[in-house]
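Participant: Here is what each chain is made of, one letter per residue.
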Amino acid sequence: MADLSANLGFCTLKNPVITASGTFGYGEEFLPFYDLDILGAIVMKGIFKEPRPGNPPPRLHETPAGLLNSIGLAGPGSGKLQEIIRRLRAKTTVPVIVNVCGEDDGEFAEVAGIFSAMDEVAMLELNISCPNVKKGGACPAQDAKHTFRLVRRVKERIRKPLIVKLSPNAADIVAVAQAAEEAGADAVSLVNTFLGLAVDLDKRQSVFANTLAGLSGPAIKPLALKLVWEVCRQVRIPVIGMGGITSGRDVLDYILVGAAAVQIGTVNFYEPAAAVRIIGEIQAEMDKLKIKDLSEIRGQLQA
Amino acid sequence: MADLSANLGFCTLKNPVITASGTFGYGEEFLPFYDLDILGAIVMKGIFKEPRPGNPPPRLHETPAGLLNSIGLAGPGSGKLQEIIRRLRAKTTVPVIVNVCGEDDGEFAEVAGIFSAMDEVAMLELNISCPNVKKGGACPAQDAKHTFRLVRRVKERIRKPLIVKLSPNAADIVAVAQAAEEAGADAVSLVNTFLGLAVDLDKRQSVFANTLAGLSGPAIKPLALKLVWEVCRQVRIPVIGMGGITSGRDVLDYILVGAAAVQIGTVNFYEPAAAVRIIGEIQAEMDKLKIKDLSEIRGQLQA
Amino acid sequence: MLDERGLIEEARSLDGGYYQLKIAAPRIAAAAKPGNFVMVRVSPSLDPLLRRPFGILESRPPHIWLYYQVLGRGTRLLSALGHGDSLDILGPLGNSFAEMPGKRVLLIAGGRGIVPLFHYAQAYAGRQPLFMLYGGRGRADLPLLDRIKALPLRGLFIFSEDGSIGQKGLLTDGLEKIVRTERPDITLSCGPEAMLARLARMLKPEKTENHASLEALMGCGFGVCHGCAVQTVAGSYRKVCDEGPVFPLEEIRWPT
Amino acid sequence: MLDERGLIEEARSLDGGYYQLKIAAPRIAAAAKPGNFVMVRVSPSLDPLLRRPFGILESRPPHIWLYYQVLGRGTRLLSALGHGDSLDILGPLGNSFAEMPGKRVLLIAGGRGIVPLFHYAQAYAGRQPLFMLYGGRGRADLPLLDRIKALPLRGLFIFSEDGSIGQKGLLTDGLEKIVRTERPDITLSCGPEAMLARLARMLKPEKTENHASLEALMGCGFGVCHGCAVQTVAGSYRKVCDEGPVFPLEEIRWPT
Ligand SMILES: Cc1cc2nc3c(=O)[nH]c(=O)nc-3n(C[C@H](O)[C@H](O)[C@H](O)COP(=O)(O)OP(=O)(O)OC[C@H]3O[C@@H](n4cnc5c(N)ncnc54)[C@H](O)[C@@H]3O)c2cc1C
Ligand SMILES: Cc1cc2nc3c(=O)[nH]c(=O)nc-3n(C[C@H](O)[C@H](O)[C@H](O)COP(=O)(O)OP(=O)(O)OC[C@H]3O[C@@H](n4cnc5c(N)ncnc54)[C@H](O)[C@@H]3O)c2cc1C
Ligand SMILES: Cc1cc2nc3c(=O)[nH]c(=O)nc-3n(C[C@H](O)[C@H](O)[C@H](O)COP(=O)(O)O)c2cc1C
Ligand SMILES: Cc1cc2nc3c(=O)[nH]c(=O)nc-3n(C[C@H](O)[C@H](O)[C@H](O)COP(=O)(O)O)c2cc1C
Ligand code: FES
Ligand code: FES
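Residue numbers (the numbering used here), protein chains in the order written: chain P, 60 to 362; chain Z, 60 to 362; chain A, 811 to 1066; chain X, 811 to 1066.
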């Protein structure tokens, strides 16, 4: 039977399937569906220092094979999340990744520091790419220099591995990935959602109060796969790929273009036990194609 | 009954529905389905000076609610297209737009010159945004300076209105649109296809010989609508919007964000008479919402 | 809460664009309480992508019944399914309308809002004094009326906007009088937002305890996407799917 | 060529993952010739987006019959449809296998490649001497065999890879002998690419005229997308949908 373990360099996961931030709540919500220990890791919903109400409704809009969201990182704040993580630790040994947010660089560093100090947390993912915080979708990951500065500052404050989550809305995502690498990121993950627009003709307004929203789901997979492939060829640190994954085959596509692991997002909403199916499909597909382990295909795309 | 006419400034179309280049053949192929005179205009499949074989198969790959293509602008060359257009003129009075391609600036100008001289041609669309000509997807529309230079050169050679077709793969599509405007473009159209990737795990290769391909279809609509909205706010020349249109409502969404007209592409493949349905839906929707004419909603999105 | 493959045993098209489904889903049926809802995957395709939320009209294990209106693409696809087709159903979800032994309860249902209240009436009628105020656009909008008449209600008051059945008018037109004459302790309501907003205004001066079941766009139905937010009078947001769908009527900030 | 709303009157599941549909589509049925195909919209949803091409197994106005194998998402969705469902069907498309009065014709069908050749045999058997060489993986792969045996063929030669029916082996194993003994003037073939490639090599030295019906990924089916290109020995591309699907076997550049 194929070996599914995923080597991130600084650690090895049981398998490459990580549940994506903002699509898996704080893990607890999925306990009725399956044992979280089967997963490679889980990423907590993005967290700021203080509680945030999130954006006014509507926050979602379905598009063909896709989902626009403007949740606005509603959340209970870092204090409450620490409690939740301690509670979760009693129920599962799955590696927990905290998705760190901030209104400014100082907040990013502060929140990162808080969770770096928690034994229950395996690593941090720096969410410098959320399009729903600032109106117009601006975020640090659109700018390589800002990314470099911010990542360096955060790295100084923490002792845990740091994944930097990139935005597909940057003019040059490869440059931003390289800036993160140079600044000391242990890995990059991509993609966060693509900026999109949906309008309400009757009201002559955007569907969303923030005008723009973030597109996720199967619709974006060919676009995200292209970006992951490009970044994989230009950085040496491990890359965690995501965008529109719904099957084991999709996961292996990302590994083939060079990803060390993947995250699954939107699929969790409409199929709560999707991860169980997907991990099974990876196993079956690798056995069928006689692939012994992921390193055998990782980055092997001939281009 | 609502007035559907679409004002492009330099001319007025019967309605805002134009069939997109590469998805409508040379018009003739649709004569079995409906009378082309019902359309606002048609755009011919992209043409180079000489015949081109196109890319090796596979040239298509279906994605969730989308289509990746790497046709590579197969075509009979400008001489043959002139004949086809003359033949078509006998069968329809629909305004014909020629989609002008080139391997280099010189060829663009030469082909534009050829069709500018034809009475049967209403206007030209400069296809500086095809991702399937050069390996890696590079095209003039990724660069504002190149766009300016090329558009100016073409404008000097022609006497017909020039639409410049933009690429969503530019780092800054607004800057490219403004460059085209400054160089004398009469309108811009967007978007051409988004660069995407699909891979074949068994062969460890891209599905496509050119590695990357262009994504079109409903999947891209929220992304394309966002880009059209941004360009509309930053240029004064008319904008022709497209990307993933499948319904009358979709058309009105583009008008609402500021487009003067639209193009419909991929939908023609799976529903040959789509334009008839869509024009009917625009009419019905406008009547329902008591919109007298398109100018009443064009660009009226409150953001 | 679980994801169960349900088997459609009967699909009926009713008046007014309504449909009724009888589905074998033993584990969900066993756990369902009045007010709960389910999330249904209407198609195996990726478009539409999300499940759709539907209340549970009736639950008699191993079956549940759904009752829905064709509104858009998802419900249209659903209406094409029939006997022998299967459906992924996630449920039972959300909180419920609690049983109120001995209390006089007025059920207020507008259009498809009948669903959780029918379930409630069926489960608890006979055990407590129930009254129902039920309204819609016209006769065709109330296809469950015959079944409702068969329930042991203390009183049933019908309104239709076009006067084709019952009294002519909005159901809220009858509210004041019914509250005076029947003196309910509690109102349970479900219906269009405008109806609930009007109820909230009208019931404010009354001494009744008021609970309403809300609708919202839902991405997941089990609390993870935060897509179903509704604003409270306090200004904060609540998730309709797992903090609701039933809320105290006065807790919600209704559009004015 | 037209886009017609067809009504499924019978949907049968056969052996080997094959299905057969009887569809009322009067205008397409009236125009269909052996070798033509149709493009079917398998779902009203936007995923899958494109229509799927299928040969016409039989056409007796007002009906056409399709015969297909479940391969992926599109065909799986199709297999869920039944009596009373309707389908958008574009056709008849492509060129056809011409009638060859008086000629001795060998039909060579691999697996689902039987479709256009069955149509041909049904239309022209009796009017010209027809032979058929038909093969598949095993018995289950040839569910039309009984119907084929009922056709007035001059000769029928069956091969199966697992030997479960007919002679054991690839159908190309029998080709040489059949060509020697039956002396066909013409071969018409349809089947997997590897089979057609082998036929092309084997028939090269023979004096037969050889035509093959090809498959290709299709975006439109009527010549506008240029997605269905196949390379010729001359190096240029032909469109399978409107320049084919039937081509002279020796004109195509087969994989080696
Ligand atoms: C807890 C809950 C219980 C429900 N119970 C029932 C029920 O028992 N019977 C029934 O007929 N309907 C019920 N609904 C509403 C039902 O979910 C929507 O009608 C359905 O999702 C529409 O899907 P669609 O794809 O057909 O429409 P879409 O194409 O998605 O949309 C069509 C129109 O309906 C609106 N709409 C879409 N989803 C919702 C939604 N979730 N709530 C309100 N409006 C929406 C859209 O804004 C749009 O205007 C319930 C909703 C919720 C939240
Ligand atoms: C002119 C023509 C006539 C055909 N006639 C028949 C017929 O009569 N009966 C029948 O069973 N099939 C026929 N086919 C093949 C049929 O079109 C495909 O099996 C079908 O499109 C697969 O769709 P899917 O969504 O199930 O598979 P997908 O999920 O799209 O793909 C599943 C697998 O099938 C392959 N595939 C997809 N489309 C095609 C295609 N067009 N040609 C070859 N391989 C493909 C894919 O590469 C993939 O490996 C014909 C094809 C053509 C071009
Ligand atoms: C509703 C929603 C909320 C999200 N919230 C977060 C978040 O808090 N932090 C973050 O880094 N990404 C967030 N994302 C982005 C996802 O983690 C992921 O990058 C994206 O959805 C693409 O993957 P998918 O196509 O598999 O969904 C969110 C996505 C969705 C749909
Ligand atoms: C198969 C195919 C071929 C295309 N060929 C051309 C072309 O020759 N010239 C051009 O400017 N755009 C071409 N396009 C792009 C379309 O004109 C259009 O910009 C794009 O498909 C987005 O619109 P849609 O989502 O409605 O398809 C092509 C698109 C497809 C799918
Ligand atoms: S619907 Fe997802 S949190 Fe309520
Ligand atoms: S399938 Fe579109 S040209 Fe042949």
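If you are wondering where the hints come from, they were derived from the structure by calculation, not from laboratory data.
Treat the hints with caution; some may be incorrect.
SDA-like mimics (lysine to any residue), calculated; alpha carbons at most 20 Å apart, straight line [unchecked claim]:
| no. | chain 1 | residue 1 | chain 2 | residue 2 |
| --- | --- | --- | --- | --- |
| 1 | Z | Lys262 | X | Gly882 |
| 2 | P | Lys194 | Z | Arg292 |
| 3 | Z | Lys194 | P | Arg292 |
| 4 | Z | Lys194 | P | Ala362 |
| 5 | Z | Lys349 | P | Arg292 |
On the chain A side, residues computed to face chain X include the following (Cβ under 7 Å) [to be verified]:
| no. | residue |
| --- | --- |
| 6 | Ser855 |
| 7 | Leu980 |
| 8 | Asp983 |
Simulated restraints, written as ranges between beta carbons of each label pair [unchecked claim]:
| no. | chain 1 | residue 1 | chain 2 | residue 2 | range |
| --- | --- | --- | --- | --- | --- |
| 9 | Z | Ala343 | X | Asp995 | 56 to 66 Å |
| 10 | Z | Asp261 | P | Ala197 | 33 to 43 Å |
| 11 | A | Gly826 | Z | Gly195 | 49 to 59 Å |
| 12 | Z | Arg336 | P | Glu179 | 55 to 65 Å |
| 13 | A | Gly826 | X | Gln1041 | 39 to 49 Å |
| 14 | P | Ala197 | X | Arg1063 | 47 to 57 Å |
| 15 | A | Glu1061 | P | Lys139 | 17 to 27 Å |
Note that CB positions come from ideal geometry on N, CA and C, so glycine has one too.
Participant: Looking at the structure, which of the earlier hints fail to hold?
Facilitator: 5, 7, 8, 13
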